[in-house]
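Trainee: Work from the hints to combine the two standalone chains into their complex.
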Amino acid sequence: MEILVCVKRVPDTAENEIEVNRDGTDIERDDLVYSVNEWDNYAVEEAIQIRDKVGGSITIVTVGDKEDEEVVRREMAMGADNGLLLSDDVFNGSDGKGIAAALKAAVEKGSYDLILTGAQADDGAGQVGGMLAAMLDCPYASLVNLLEVIDDKKIKVGREIAGGNQEMNEIDLPCVLSIQTGINEPRYVGIRGIRKVASLEIPVYTAGDLGLAGDTVGESGARIKRLDYFVPDSGEGAEILEGSTDEIIDKLVELLKAKGGIK
Amino acid sequence: MAQQVFAYIIHKNGVVDDTALEMITAAGKLNTDASVIAVVAGSGSELDGVCKDVASSFTEVWKIDNEALVYINAEVIRSMLTRILPKEGIVLIPHEHFGMDLAPGLSVKLDAAYIADAVDFEGIEDGKLKAIREEYLGQVSTHVLCDISKGAVITIRPGSFKADESKSANGSIVDKTAEAMEGGIAGDARRFLEIVEAEVGDVDITKSDVLVSVGRGIEDEDNLEMAFDLAEAMGADVSCSRPIVDAKWLEKSRQVGTSGQTVKPKVYMALGISGAFQHLGGIKGAPFIVAINKNPKAPIFQAADVGIVDDILDFIPELTDRINEIKA
Chain A
1 MEILVCVKRV
11 PDTAENEIEV
21 NRDGTDIERD
31 DLVYSVNEWD
41 NYAVEEAIQI
51 RDKVGGSITI
61 VTVGDKEDEE
71 VVRREMAMGA
81 DNGLLLSDDV
91 FNGSDGKGIA
101 AALKAAVEKG
111 SYDLILTGAQ
121 ADDGAGQVGG
131 MLAAMLDCPY
141 ASLVNLLEVI
151 DDKKIKVGRE
161 IAGGNQEMNE
171 IDLPCVLSIQ
181 TGINEPRYVG
191 IRGIRKVASL
201 EIPVYTAGDL
211 GLAGDTVGES
221 GARIKRLDYF
231 VPDSGEGAEI
241 LEGSTDEIID
251 KLVELLKAKG
261 GIK
Chain B
1001 MAQQVFAYII
1011 HKNGVVDDTA
1021 LEMITAAGKL
1031 NTDASVIAVV
1041 AGSGSELDGV
1051 CKDVASSFTE
1061 VWKIDNEALV
1071 YINAEVIRSM
1081 LTRILPKEGI
1091 VLIPHEHFGM
1101 DLAPGLSVKL
1111 DAAYIADAVD
1121 FEGIEDGKLK
1131 AIREEYLGQV
1141 STHVLCDISK
1151 GAVITIRPGS
1161 FKADESKSAN
1171 GSIVDKTAEA
1181 MEGGIAGDAR
1191 RFLEIVEAEV
1201 GDVDITKSDV
1211 LVSVGRGIED
1221 EDNLEMAFDL
1231 AEAMGADVSC
1241 SRPIVDAKWL
1251 EKSRQVGTSG
1261 QTVKPKVYMA
1271 LGISGAFQHL
1281 GGIKGAPFIV
1291 AINKNPKAPI
1301 FQAADVGIVD
1311 DILDFIPELT
1321 DRINEIKA
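Read top to bottom, the protein sequences are chains A and B. Under the working numbering, the first residue of the first sequence carries the number 1, and numbering increases by one thereafter. Under the working numbering, the first residue of the second sequence carries the number 1001, and numbering increases by one thereafter.
Isolated chain B (complex conformation) (with noise of 0.2 Å):
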């Protein structure tokens, strides 16, 4: 019998996150047949909304309903799932910040194989599942091979499963509250707080057309002048990956990503960047994009429409140079 599959759905503000859909069809590559259950937690009307959506796709969706979900605590939520899911399913969860509080645990919890951030599967042999991940930063792929007969947890790359919208479904909802309070709520030793909203910084580039952004091939915070200045040339705003915030060369409100900001600009400059999925997450709506790096191998250049093999210390100037003598 094919092991059953269960897709956590990531959901804010009642609006159902895009990788619910995604689920869909990283359950199709596990399994043709697969029937796939949705488990949806949170509270009250709002999670009655979100129920609804989810069953327009999943042919079952099971609820958690209780007002210590409201703001959702992986802790929590971590000892009600180990309550209602079968020892020997197969559990999807989104690959980001709150599947990556509840994932490892509940592996453990459930005594199941863990996979943690699969882009792809290519099939079942035997109880064993093929899948592919990323390492060093996207630098190089593995295909791993993954004992699942006893049930498994696998956290899933938002974006490289392919959203499934073709399922149309009228699904049930089954309540499932009960059997996941029973015994209490376990997981107060973490107790949320509040959220901190991110700052707002002297540009917002979530409004940019072109963005000349900077990523560790800058190499000193005296160098991001070279940025600026060929921003200026171009009439676009500097943003910049990860690495240049940790440093504290710029303010966070700059940084590109799925911790930062989400743009959508028209034309990206990625300038020395290496292209993890995280930065790569934070740019949508199909800017083109132009990726100068000195590593010939840095995953940057598979999404960028123009690369440049250089080192952009040596080339930021000379283009500057060159818009700025074109525009006098």
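Chain A on its own, in the form it takes in the complex (with noise of 0.2 Å):
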């Protein structure tokens, strides 16, 4: 089976605070650590999975400069067969609907059977998989956190839904998927595993390359635009407790009498 999985360099939340900038412009990006983004993982260590069962090979793709290219090797590491970047200034500034294209014209230079995005990135959207899909006139299932091969033809999905229940589908190839975390255990990385592929060419792929007029993608083609970042002003919020630990944890359980909280 040939397998793209569609990944995205992003400041780690897990390592950091994100704070707004002093005007409000950007997140502070200085000291921020990136990694891949988590859902991308999951969607990376299934595809390994489901080659390591059937054959075929993984191709990791994304979107960027040289330094997205990192999170491309590191999937690489983890044991992806190919990578690919699609890099290119007029990219810059592009929606959603930007990336899916420039993603749907590296998946027609291709042949895939199976199309594996992270349910979602750090701007929180979830919304590529899905464009991406319907771009290619392919069948789409978000929310993915089960898969099984079931033939060369179709797969079969659990979708993860409200109440922590489940809903099955049978998919025919090719597809594109959104995974969630959860469906399978990503392996680690180890610095080894990067050294192997430190060295390995990574093919770039121009908008030229790949066919895209100006008006499809980057800030022309953008149909929203952010315009800023902010904190907003939630009113009340928690009261904070201070003091020192025994002062707080006094006011605490006093609290927690109060509301019933200790039987």
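By construction, these hints were calculated from the structure, which means they are not laboratory data. The reader is advised that the hints may include incorrect statements.
To be verified - Chain A regions said to be covered by chain B (calculated; three or more residues, Cβ under 8 Å):
id: 1; segment: 1-14
id: 2; segment: 80-89
id: 3; segment: 190-197
id: 4; segment: 219-230
id: 5; segment: 251-258
Note that the coordinates shown come from a computational prediction; the quantities given were computed from them, not determined experimentally. No residue lacks a Cβ here, since even glycine has one placed at the ideal position from N, Cα and C.
Mentor: Structure follows, in structure tokens:
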């Protein structure tokens, strides 16, 4: 099975407090630790498990610049076979559709049975997979937390729906799936693995290579633009207990007793 | 002329989802004189009942009635909606598991702009809508400006817009089935099989009065013992947020959130939980929420009544000891 996994390099929210910069034009990017989007890691792990079971190869793709290449390499160190970087200044400022359009063009240069994305990334939109599927006219399922290959024409997928329930579907290939965390346990990538792929050549496609016109990607094609970043003034918020740990515990225990929190 | 606004209505077992009335409020913030057309898909008498309910708050209801929609597959309904919705309309869809399945692709098929997971609207100027979204799991918000002049699909975060119960309508129900079915049913490359119900765990957290809930801040599976010790001292049960279940440290039946359990305790201790909206969406009944987190900017502090900025790994054992002392 030929599998394409779309990944993104993002500020790691487990490692950083995300703060707004002084003038609200961006988040504070000094000293940010970047990593591959958490959801994408599960997608790559799933791809590896499928390939190891039924054969085939895995290609990792991202849209970005030289810095973004590191996440492609990292996922190759995890066990993916090939990498692909879609990079061009005209991609800057793309909205979800612009990114999906670039990915679509890359998909059409290859031949893939299965295309995976993470269920969401740093902006929380969860949009690119569904857009890509619609552009390719192939079926889509979001929030996938179970994947079984039935044969080379179809797969069975479970979707995470409300209340811990799971919706089971059969889907014809090729298809696009967005992968939810928890579907597997992504393997650890050691420094050794990273070294092994450090010198591999990762092909770069520009907008020209992909045959993309400026009005489908980039800022000129984007119908949605981010104006600013801010921290909402959400009114009260919690009463923060202060003092020494002992004092805080005194207050907390009183509150818990009053509210029925200590039986 | 004002753009036509549509609201895609989610319903289950004949009951209309709360988001239906929230979308009336959202639509009102788009354009004060917008009439909103509700779109309801399903099958048979259950659908008729739902349409009747919806028509009590929407002036116009579009009904799509087909056996293929007994369980609604986003692939099937997307092609139907593409046939009946005008290209330049504004389509509101709840941002939950079904909306996330349906909406991004629908925006492509309608050639409409897309806003995901909007939490508020701040008006339209020159065909551009200013909306508010959140990024980085709710740590920061953004204003986005979206050109909706050629149509838009917008998913709305459940619970963000206050339900508008003031509108009483005796709406007309328009059967759009024939138009929606023109050319037959598409989308059968994905076929619904069944719903696998959540496994019942050893503890039913939906019945607990007091919950000690742990998140990523617990850091290691071995540290869970601290949470269980505290819960025992308090007479509480242990629940958790999603990363703990993803790591397989606790069973899914203990997960609080939209994709897990909906709980309604009196007291909820959020320990090392950042407070993503999917987690908060599983907490109902306005409990007294205590948040303990070392990140003072964690969104959980906005939802909590009382907050403590500290590392839970240091704080929990001390709290447990104190409670045990008091009880002894």
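Trainee: Please list, smallest to largest, the hint numbers that this structure does not respect.
Mentor: 2, 3
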